[in-house]
Amino acid sequence: MSVTDVLATGAEFAPVLIVLGSALLAFLLDVVGVRRLEAVGGVVVAGTGVAFLLVLADLGLGFLGPLRTIPAATVNAVPAAGASPLYAFTSFGLVFQALFLVAAFLVGLASLSRDSHEAGAPIFYGLLGLATVGMLLVAVASDLIFLLLAVEVTSLATYLLVGYTRRGARPLEAAMKFYIIGAASSTLSFFGASLLYGAYGTTNLYRIAAVAGGVGYPVLALLGYGFLIAGLAFKTTLVPFHAWAVDVYDGAPTDVSAFLAGGSKKVGVFAFFLVFLGPVLYVHPGAPGNPFSGGPIALGPIVQLTLAVLAVLTMTVGNVLALLQREMKRLLAYSSISQAGYILLGIAIGTSPALAGATFQALAHVLSKGAAFLVVAGVAGLGVGPLVDDWRGLGSRRPLTCAAFSLLLLSLAGVPLTIGFVSKFVLFSAAVEAQGYFVWLAVAGLLNSALSVFYYARILRAMYFEAPAGGDAGAPPLTSRLAAGGLGYGRAAAIAVATLAVVALGIYPQPVLGPIQAAATHFLGLGA
Amino acid sequence: MTGLPEAGFVGLSAALVAVGLFGILTRRNFVLLLIAIEIAMNAAILNFVYFAAFAPTPGEGLAGQAAAVVLVGFAATEVAVGLAIVLALNRAKGTINVAEATELRL
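Residue numbers (the working numbering), protein chains in the order written: chain A, 1244 to 1771; chain B, 8 to 113.
Since the hints were derived computationally from the structure, they do not count as laboratory data.
Because the structure is a prediction, the values reported are computed rather than measured.
Built from N, CA and C at the ideal position, the CB exists for glycine as well.
Certain hints may be false.
[Said to hold, decoys possible] Cβ-Cβ distance ranges computed for the label pairs, FRET-style:
id: 1; chain 1: B; residue 1: Q72; chain 2: A; residue 2: L1267; range: 23 to 33 Å
id: 2; chain 1: B; residue 1: G66; chain 2: A; residue 2: Y1680; range: 40 to 50 Å
id: 3; chain 1: A; residue 1: P1754; chain 2: B; residue 2: G66; range: 42 to 52 Å
[Claimed, not checked] Coverage of chain A stretches by chain B, computed from C-beta distances (three or more under 8 Å per stretch; other residues unrestricted):
id: 4; segment: 1383 to 1397
id: 5; segment: 1432 to 1446
id: 6; segment: 1753 to 1763
So here's chain A without its partners, still in its complex pose (with noise of 0.2 Å):
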């Protein structure tokens, strides 16, 4: 390997360095003396905001051209037979990257309101960054080893980023059960994955793809999927993997609950596409290249089945749970365990339309639910309580802020005119095309949503039309030196941005639904 190779290599993953770069800069920083809030989060915040336009630039925006660093021949280039590459750059793999980046970009714009002196800041902006350069590798994975250990990577640094402020025990606790489930459940996917390499002899996911027509042990290969399966609906909060979801999402910092229900949570959710569609394309029986076509026992049908259940417990519980719930970072907690129900469902149809929707979906929960956490961060900061009940009369106190979150939860609700609802019908509309049981699924889909606009409508009831315990006069007041309404400019700055794409595209939303739509059926033919 020569030196422009080298160099060819690190161009390729420009945006992966300057995400790490950014990371380390930030840690050094602590090391010499530099704590500021704004200095260090700036450092990560411009970092992720620079690899967000190169990744843009990548999927070929027209006037990001000149930032290009891939090669536009090296994009969606499948690997030449025997090869067995570690990483390979798709589109879809890019549209993922720029979806991780958002997430990073606006927890972390959000984060400077936070207090200029906060100890620890340092800590908080490298592991955002670790985490992020850990989605940003899965995206490009095509190998399942180089697959799992980024998301390991993610994992690692959002286990300490849950419980990186060190004080009080709530933090920390929500920190241990997020560590002992995500290295059990890690531990079940590096399992699955050595059982896939007994199998079929390879973890190269395009080799998976070409050798396995003759596999020799296709029960090895069920249990290894088994595995795989289990391990990775833990990352993605799938019932009956979800219970340590609420715990974290409620315990950690609510910044970090914002990152970790719209940004990391992701990862599973890619990785999923990947074991399963893409290169190993599980739902077209007889396809060319297909590792279910041959042994005795059919895989696809029964992973099919599998992840069709799995999406609609996920929905189904988490819509109840959330129902019942009176606080507000749990409410947001297990609607966002419903929502990883939606997305599986695009999953289990497998077919083009059903992952440009379970993409554009995800998209929606990255700016509704990561943007919603957000804004009930800053709520707290002006002396609002936990529960639902707190924010009784807030609509007229805050008018813009709870504006902002009242689009957002309707976004999630999927009232028309919001990405949530273009993502809705777009997945919806695409399991009632592929026929068969798939249009229980999209049944079953419609009556989560309906069912879901009880617990939303709660909170807007709360919010305008509910006067305090004691009155307006006995209502506790809103304290806050930060500017902008008390937000701060950097969280305000965040939310308004988030909440003007999420009207923006439930208005108009083919600009980046027509990007995603062609990645997706892309990603798809990878397999055929």
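Add chain B to chain A, keeping to what the hints say.
Structure of chain B alone, referenced to chain A:
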């Protein structure tokens, strides 16, 4: 490599993962939990080493052995993070018993 007892090796790693999962579900002491997680992780590592002997090409065999070495390193990293968390928790609460972590309830 036909002399290796296939069922025996797969059975050994299955037993290891079972022991590990049993420990994860029943232990209440954080350090014992870490050990249980390590035992289950070793099952995966053992599998990679073992299946490497049956790989179709020498290259794929090396990939399996490389995966095993990388996983040994990853397991150590994971434990380091776990110990960091448990040290901080011990300082805050004075216990490393998982069952006493009751601040957050379902």
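Contradicted hints - numbers only: 6
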